[in-house]
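Line by line, the protein sequences give chains A and B. Reminder that position 100 of the first sequence reads as 144 in the working numbering, one-by-one numbering, no gaps. Reminder that position 87 of the second sequence reads as 131 in the working numbering, one-by-one numbering, no gaps.
Bear in mind the hints are in silico, worked out from the structure with no lab data behind them. Small disclaimer: the values here were computed from a predicted structure and weren't measured. Just so you know, not all the hints are guaranteed correct.
Remember, identical chains collapse to one label, so a pair may be satisfied in a single copy or spanning two.
What the hints assert, rightly or not - Listed next, the in silico DSSO-like pairs over lysine-lysine satisfying Cα-Cα at most 27 Å (straight line):
| no. | residue 1 | residue 2 |
| --- | --- | --- |
| 1 | K167 | K102 |
| 2 | K139 | K189 |
| 3 | K189 | K102 |
| 4 | K144 | K178 |
| 5 | K178 | K167 |
For reference, the chains in residue letters:
Number of protein chains: 2
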Amino acid sequence: MIFRTATIDDVPAIVALLANDKLGSQREVNTTPLPQTYLQAFNLIDSDPNQELIVMEKESIIGTFQLTYIPYLTYQGGIRAQIEAARIHENHRGKGLGQKMIVWAIARAKDRGAHVIQLTTDKQRPEAIRFYEKLGFRSTHEGMKLHF
Amino acid sequence: MIFRTATIDDVPAIVALLANDKLGSQREVNTTPLPQTYLQAFNLIDSDPNQELIVMEKESIIGTFQLTYIPYLTYQGGIRAQIEAARIHENHRGKGLGQKMIVWAIARAKDRGAHVIQLTTDKQRPEAIRFYEKLGFRSTHEGMKLHF
Chain A
45 MIFRTATIDD VPAIVALLAN DKLGSQREVN TTPLPQTYLQ AFNLIDSDPN QELIVMEKES
105 IIGTFQLTYI PYLTYQGGIR AQIEAARIHE NHRGKGLGQK MIVWAIARAK DRGAHVIQLT
165 TDKQRPEAIR FYEKLGFRST HEGMKLHF
Chain B
45 MIFRTATIDD VPAIVALLAN DKLGSQREVN TTPLPQTYLQ AFNLIDSDPN QELIVMEKES
105 IIGTFQLTYI PYLTYQGGIR AQIEAARIHE NHRGKGLGQK MIVWAIARAK DRGAHVIQLT
165 TDKQRPEAIR FYEKLGFRST HEGMKLHF
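The following block holds chain A by itself, in its conformation from the complex:
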């Protein structure tokens, strides 16, 4: 099993993971070919050194997440790492792979000099909240969103 940066050829497999989810199925469009907006977004991510779109692969792609590094003045000018869009393929759940993936992300964020790693998870995913708490995350903040 390897972790690597995604290429544009991985985008369909990643979108399939994002769409195969009770929340994701309502907001993604997993057609062949994919809407161009996914490829445009991939190019923005791929050209930005503060974005890392990662895939976990074992023969095929079985997991994905995106890491973002954000420089702030807070915490004496610290870098924060942020996890988003983390998914494990439905055929590979319940085997500890999600834990392996997030442990890898934590190590990567430390390597990049972050002082904290953060994420928000929908309150409709209580199992995700427990999963992250077991890995050491603390639910100290409200995650607030305003959709346009």
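Mind docking chain B on chain A? Use the hints.
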């Protein structure tokens, strides 16, 4: 009153705002001169087109926040705007300036093509949660952090 992008000369005033806070006072070092790490972080922010460190000014700096634009594959390849490090000077609170500032941030995020604006706020700041809810934000997510 104007909103503008911060310059390096504004960093001491911004750090003073960040430090003058029950949580910020424990994590910032507001000395003269400032620790170099703040200026290094400013340069990272200033050179990144996806970061906007904004000050609200009326004779002096009375407010600040940082906007970050993050490209994701989720939501069909959408841009998210994220607010962090929002503060109003203690002498200027209770006058609706915080609301003006966040309303400006929301408009700015829309101009930049974001489909959502998000933030996390410490659960120790219930007044901040109510403030953002009045502006249309919904507390749908847990904000989870792991400090190194």
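Hints, verified against the model:
When the C-alpha separation of K167 and K102 is checked against a cutoff of 27 Å, the pair qualifies neither within a copy, at 31 Å, nor between copies, at 40 Å. In the homo-oligomer, the alpha carbons of K139 and K189 lie at most 27 Å apart only across protomers (24 Å), although the nearest pairing inside one protomer, at 32 Å, exceeds that limit. For the homomeric pair K189 and K102, neither the shortest alpha-carbon distance inside one copy (35 Å) nor that between copies (29 Å) is at most 27 Å. Taking identical chains as interchangeable, the C-alpha atoms of K144 and K178 lie at most 27 Å apart only when both belong to the same chain, with a minimum of 13 Å there against 40 Å between chains.
In this assembly of identical chains, K178 and K167 lie within 27 Å of each other by CA distance both inside one copy and across copies; the values are 16 Å within and 20 Å between.
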